[in-house]
Amino acid sequence: IAGITQAPTSQILAAGRRMTLRCTQDMRHNAMYWYRQDLGLGLRLIHYSNTAGTTGKGEVPDGYSVSRANTDDFPLTLASAVPSQTSVYFCASSRSQGGTHSEQFFGPGTRLTVL
Amino acid sequence: GIQVEQSPPDLILQEGANSTLRCNFSDSVNNLQWFHQNPWGQLINLFYIPSGTKQNGRLSATTVATERYSLLYISSSQTTDSGVYFCAVGRPNSGYALNFGKGTSLLVTP
Numbered sequence: 001i002a003g004i005t006q007a008p009t010s011q012i013l014a015a016g017r018r019m020t021l022r023c024t025q026d027m028r029h030n031a032m033y034w035y036r037q038d039l040g041l042g043l044r045l046i047h048y049s050n051t052a053g054t055t056g057k058g059e060v061p062d063g064y065s066v067s068r069a070n071t072d073d074f075p076l077t078l079a080s081a082v083p084s085q086t087s088v089y090f091c092a093s094s095r096s097q098g099g100t101h102s103e104q105f106f107g108p109g110t111r112l113t114v115l
Numbered sequence: 001g002i003q004v005e006q007s008p009p010d011l012i013l014q015e016g017a018n019s020t021l022r023c024n025f026s027d028s029v030n031n032l033q034w035f036h037q038n039p040w041g042q043l044i045n046l047f048y049i050p051s052g053t054k055q056n057g058r059l060s061a062t063t064v065a066t067e068r069y070s071l072l073y074i075s076s077s078q079t080t081d082s083g084v085y086f087c088a089v090g091r092p093n094s095g096y097a098l099n100f101g102k103g104t105s106l107l108v109t110p
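Residue numbers (the numbering used here), protein chains in the order written: chain W, 1 to 115; chain R, 1 to 110.
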């Protein structure tokens, strides 16, 4: 059982380029999330999806988009990367419903540098 | 949004010492998790503890939801305990995402 996988592990990207970070989970969790981690700021929520076919904006959504075509995959796209999007990106998932949280699990992260 | 404050921000211990990390939050929650981020950046689940007390080996945690705080105890610390410890909370009826504190950076020296 892999849990949550993310790809790529790291990437250096020129400003203005488009980039998609991939996230796949095999736990059949309904809810998935994207967070970014910046030094001294902890983790902040970018986008989330409570179930396949639905998505929502988090605390820092600008410049990012997501889709949730099925239960397992939740890709994050940077349409035109900017240096302020240099960060470590974590994907997470949980089995949550009816307003009740359950334990969230995190992937290994993608380290993205935008030059 | 909900405020999550962790203390202390930094901690240096000698191997074998005990420590207590604190997490205060500003609103009622129905999820609280403690994570250890190791030096390689991995986020490791320690406890899912919206209330009560749990123990796992040398680690234990207590959440007093009515008083809006949680404590993480590390006993007989080892160098492998080094890293950053995060507290994260989720609120009722505001989605399932977690709100993270800024973490406590722990260094355990031999």
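Rather than coming from a laboratory, the hints here were simulated on the basis of the structure.
Honestly, I wouldn't trust all of these hints.
[As the list claims (entries may be wrong)] From chain W, some residues computed to sit far from chain R (all C-beta separations above 12 Å):
| no. | residue |
| --- | --- |
| 1 | ALA2 |
| 2 | ALA7 |
| 3 | ILE12 |
| 4 | GLN37 |
| 5 | GLY40 |
| 6 | TYR48 |
| 7 | GLY58 |
| 8 | SER67 |
| 9 | ALA69 |
| 10 | PRO75 |
| 11 | LEU78 |
| 12 | GLN85 |
| 13 | SER93 |
| 14 | HIS101 |
| 15 | VAL114 |
| 16 | LEU115 |
[Stated by the list, open to error] Partial pick of chain W residues on the chain R-facing surface, computed with a CB cut under 10 Å:
| no. | residue |
| --- | --- |
| 17 | GLY56 |
| 18 | TYR64 |
| 19 | THR86 |
| 20 | GLN97 |
| 21 | PRO108 |
| 22 | LEU112 |
[Stated by the list, open to error] A short, non-exhaustive set of chain R residues, derived as facing chain W with CB atoms under 7 Å:
| no. | residue |
| --- | --- |
| 23 | PRO8 |
| 24 | PRO39 |
| 25 | TYR48 |
Just so we're clear, the structure is a prediction, and the values are computed from it rather than from any experiment.
The beta carbon of each residue, even a glycine, is placed where N, CA and C say it ideally should be.
Which earlier hints can't be squared with this structure?
Per hint list: 4, 5, 6, 7, 13, 14, 18, 19, 22, 23, 24 violated.
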